[in-house]
Amino acid sequence: MLTYTIRRLVLAIPTLMFISLVIFLLLELAPGDPMAQVPLTVPPEVKERMREALGLGEPLHVRFVKWLYQFFVIEPAVFIDTMFGTDWAEGQQRVISWQTRSPVMEIVVQRLPQTLTVVGLAYLVGVLIALPIGIYSAYKQYSVFDQAGTFISMVGFSVPPFFSGVLVIVIFSVQLGWLPSIYDTTLTVNSWETFWQQVRQMVMPVMVLALQTTAQISRFMRASMLDNLNQDYVRTARAKGLSEATVVLIHVLRNSMIPVITVIALGVPAIFGGAIITEQVFKVNGIGQLLITAIEANDLPMVHTLTFIFAVLIVTFNLIADVLYGVLDPRIRYD
Amino acid sequence: MTEGNESRVTAVTSAMVTEPLTDPVPSAPPRSQWVDVWAQFRHHRGAFAGLIVFMTIILGVFLGPLLYAQDAQYVPTGRDFLRLKDMRPAYMLLWDSGVKAEWAHPLGTDNIGRDTLARLMQGGQVSITVGLAAMLLSLFLGTLIGTMAGYFRKLDGPLMRLTDLFLALPLLPLLLVTVLLFREPLKQAFGPEGGIFVLIVFIVGVTSWMQTARIVRGDVLALKEREFVLAAQSIGTRSGKMVIRHILPNVLSPIMVSATLGIATAIITESALSFLGFGFPPDFPTWGRLLNDAVDRMTLFPERAIFPGVLISLTVLSVNYMGDGLRDALDPRIRGR
Numbered sequence: 001m002l003t004y005t006i007r008r009l010v011l012a013i014p015t016l017m018f019i020s021l022v023i024f025l026l027l028e029l030a031p032g033d034p035m036a037q038v039p040l041t042v043p044p045e046v047k048e049r050m051r052e053a054l055g056l057g058e059p060l061h062v063r064f065v066k067w068l069y070q071f072f073v074i075e076p077a078v079f080i081d082t083m084f085g086t087d088w089a090e091g092q093q094r095v096i097s098w099q100t101r102s103p104v105m106e107i108v109v110q111r112l113p114q115t116l117t118v119v120g121l122a123y124l125v126g127v128l129i130a131l132p133i134g135i136y137s138a139y140k141q142y143s144v145f146d147q148a149g150t151f152i153s154m155v156g157f158s159v160p161p162f163f164s165g166v167l168v169i170v171i172f173s174v175q176l177g178w179l180p181s182i183y184d185t186t187l188t189v190n191s192w193e194t195f196w197q198q199v200r201q202m203v204m205p206v207m208v209l210a211l212q213t214t215a216q217i218s219r220f221m222r223a224s225m226l227d228n229l230n231q232d233y234v235r236t237a238r239a240k241g242l243s244e245a246t247v248v249l250i251h252v253l254r255n256s257m258i259p260v261i262t263v264i265a266l267g268v269p270a271i272f273g274g275a276i277i278t279e280q281v282f283k284v285n286g287i288g289q290l291l292i293t294a295i296e297a298n299d300l301p302m303v304h305t306l307t308f309i310f311a312v313l314i315v316t317f318n319l320i321a322d323v324l325y326g327v328l329d330p331r332i333r334y335d
Numbered sequence: 001m002t003e004g005n006e007s008r009v010t011a012v013t014s015a016m017v018t019e020p021l022t023d024p025v026p027s028a029p030p031r032s033q034w035v036d037v038w039a040q041f042r043h044h045r046g047a048f049a050g051l052i053v054f055m056t057i058i059l060g061v062f063l064g065p066l067l068y069a070q071d072a073q074y075v076p077t078g079r080d081f082l083r084l085k086d087m088r089p090a091y092m093l094l095w096d097s098g099v100k101a102e103w104a105h106p107l108g109t110d111n112i113g114r115d116t117l118a119r120l121m122q123g124g125q126v127s128i129t130v131g132l133a134a135m136l137l138s139l140f141l142g143t144l145i146g147t148m149a150g151y152f153r154k155l156d157g158p159l160m161r162l163t164d165l166f167l168a169l170p171l172l173p174l175l176l177v178t179v180l181l182f183r184e185p186l187k188q189a190f191g192p193e194g195g196i197f198v199l200i201v202f203i204v205g206v207t208s209w210m211q212t213a214r215i216v217r218g219d220v221l222a223l224k225e226r227e228f229v230l231a232a233q234s235i236g237t238r239s240g241k242m243v244i245r246h247i248l249p250n251v252l253s254p255i256m257v258s259a260t261l262g263i264a265t266a267i268i269t270e271s272a273l274s275f276l277g278f279g280f281p282p283d284f285p286t287w288g289r290l291l292n293d294a295v296d297r298m299t300l301f302p303e304r305a306i307f308p309g310v311l312i313s314l315t316v317l318s319v320n321y322m323g324d325g326l327r328d329a330l331d332p333r334i335r336g337r
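Protein chains in written order, with UniProt numbering: chain A, 1 to 335; chain B, 1 to 337.
Since the hints were made in silico from the structure, they are not lab data.
Wrong hints could be hidden among the right ones.
One-sided excerpt, in silico: chain B residues whose CB lies under 8 Å from chain A [unchecked claim]:
id: 1; residue: I58
id: 2; residue: I112
id: 3; residue: G113
id: 4; residue: L141
id: 5; residue: T163
id: 6; residue: L169
id: 7; residue: G218
id: 8; residue: A222
id: 9; residue: L223
id: 10; residue: G236
id: 11; residue: G240
id: 12; residue: M242
id: 13; residue: S271
All residues carry an ideal CB built from backbone N, CA and C; glycine is no exception.
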């Protein structure tokens, strides 16, 4: 198992390098010029120096390797510096955003909490709702509950977040006036009142994201439970006289959770992708919204870094899913 | 000789005189595979309803403009502009006679007086055409790569690594970046609408073939070991003919299922791009674009956001149900149960 994990980790590095190269080359084709906003009165040689200050004067491969060095060496060093007060990254050039002229990672760190609270909570809520629904609809297959669950998860699959978001805004903000339609990120939670405000503004984005998660995971849970409910060991457990709750919730559930857990792990990066749209609908200024503004403003280092972070998430969670599968299911042997 | 024969025949007939010898005649005419599939598909209530809804939407969107003679691009000017802009749906007259609405514009007009129903029809044409075209492209790529990887052992490794790589790409950010990069050059080559159409079909197709390729590869790998492939090989069938005549017809059912699901993905992706403002130009309606335009004035005119949204969701829902039914109908283990 350990050798497998190490092999996969080693394999992940060239994959990520290649993805990074693809993104870099794509962005290299971008038509925008970071100097376009500089006034025309600035002489060309000064512009050239400004361009070099942004790291644009050098040939392609040098810039790519520099970016890799900045992202994989300097940024972690900065992270360690802020954690432990060392000065490893002192005076080193970090990845700089063209929009704000400040380090990209600083802005990402500012935006990350918003995304993580909304997306993370939504995922958690979605999973927690999905599991009981999946278990019960498999246990009572073809019952009214199961049929309704199938229908609702079909709807959850089919209604895109940019419509379900708009729909809940129309219903709960416009018609009923219960919830705010815009997510206020300046709100600091320091009393019960502000806490309540925070809860209210998180309800709708969490609901929209959780609907999709619930739809997918409850289907998987149901299918996995159905596979296990007809197995011989279930009959044995019942024949032993175990209570129905023990049979279903301990024997069957534990076996059915194995594929479901990997699906849950695989879904994490997808939900970050989906959050780009949801953040746009509810005006949450998380990393999805940061990406959209960076693309619109032609801020290439920011786009490169953010896209690469998404790629790292996908590769990491794929790895986690594969390893978890092997750890949880002793029948799986990778070596 | 003849006598002996005759006597034997008469002996046989006399023995079976009560039960004349006949070939067993099948009670029903022979059914082809597709008749069976269709029967099973009709049996799946959700899938059949999905088919009807999808057909209704397609007919309404493509034939509707023939019956409903409003121009989606017509922008009134002067006094007409004031009279025609911001109309509410006509059914609101039923309970509120003071509302600004006319039966000539059953679903109202937008903020510069364009008819909403006509725009929805035109937007639907674009969205569905994009969906179908992108699905065909992704199906073509997926089938090609899947069969190549499954059939030619040497290509299997590289092609599957490629597939894994595509699966690891963060698609939505890359789609946004690509649209931004290639919008201008393609606009100059194919015109503003044509350029974006080509671009969106291309990028949606190129980023959604991976699942099809994986499924097709798995099936081809299994089929390759079957006797009929060996038989075809032994009479000297070449690889190209082998794939087209013997392999592809047998992987048709997973391809068809991923085709239906591909339409749904393509429509959603196109709408998402349009919604984020990276899709078709503003005066060119698609459902996602209409939804995006409506969001700013959602408090006053919620119906403008709801109509296109409901249409997107209904189309995708019906397509998904069709895919579900098709999967059951094409699976011989489930069929006939």
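Here is how each hint holds up against the structure:
1. At about 17 Å, the closest approach between the beta carbon of B/I58 and any beta carbon in chain A exceeds 8 Å, and the interface hint on this residue is violated.
2. Interface hint at B/I112: violated, since its Cβ lies 21 Å from the closest Cβ of chain A, which is beyond the 8 Å cut-off.
3. Against a cut-off of 8 Å between C-beta atoms, the interface hint on B/G113 is violated, since the closest Cβ of chain A lies about 23 Å away.
4. The restraint placing B/L141 at the interface with chain A is violated, with a minimum CB-CB distance near 17 Å, outside the 8 Å limit.
5. Below 8 Å, beta-carbon pairs count as interface contacts, and B/T163 has none with chain A, the closest being about 12 Å; its hint is therefore violated.
6. At about 6 Å, the closest approach between the beta carbon of B/L169 and any beta carbon in chain A falls short of 8 Å, and the interface hint on this residue holds.
7. The beta carbon of B/G218 comes no nearer than 17 Å to any beta carbon in chain A, farther than 8 Å, and the hint placing it at the interface is violated.
8. For B/A222, the suggested interface contact is broken, since its CB lies about 21 Å from the closest CB of chain A, more than 8 Å.
9. At its closest, the beta carbon of B/L223 sits 25 Å from a beta carbon of chain A; the interface hint therefore is violated under the 8 Å criterion.
10. A hinted interface residue such as B/G236 counts as satisfied when its beta carbon comes closer than 8 Å to some beta carbon of chain A; here the least separation is about 41 Å, so the hint is violated.
11. A hinted interface residue such as B/G240 counts as satisfied when its beta carbon comes closer than 8 Å to some beta carbon of chain A; here the least separation is about 32 Å, so the hint is violated.
12. Look at B/M242: its Cβ only gets to about 33 Å from chain A, farther than 8 Å, so that hint breaks.
13. With a cut of 8 Å, the hint placing B/S271 at the interface with chain A holds, because the nearest CB-to-CB distance is about 6 Å.
Of the numbered hints stated above, those contradicted by the structure are hints 1, 2, 3, 4, 5, 7, 8, 9, 10, 11, 12, listed in ascending order.
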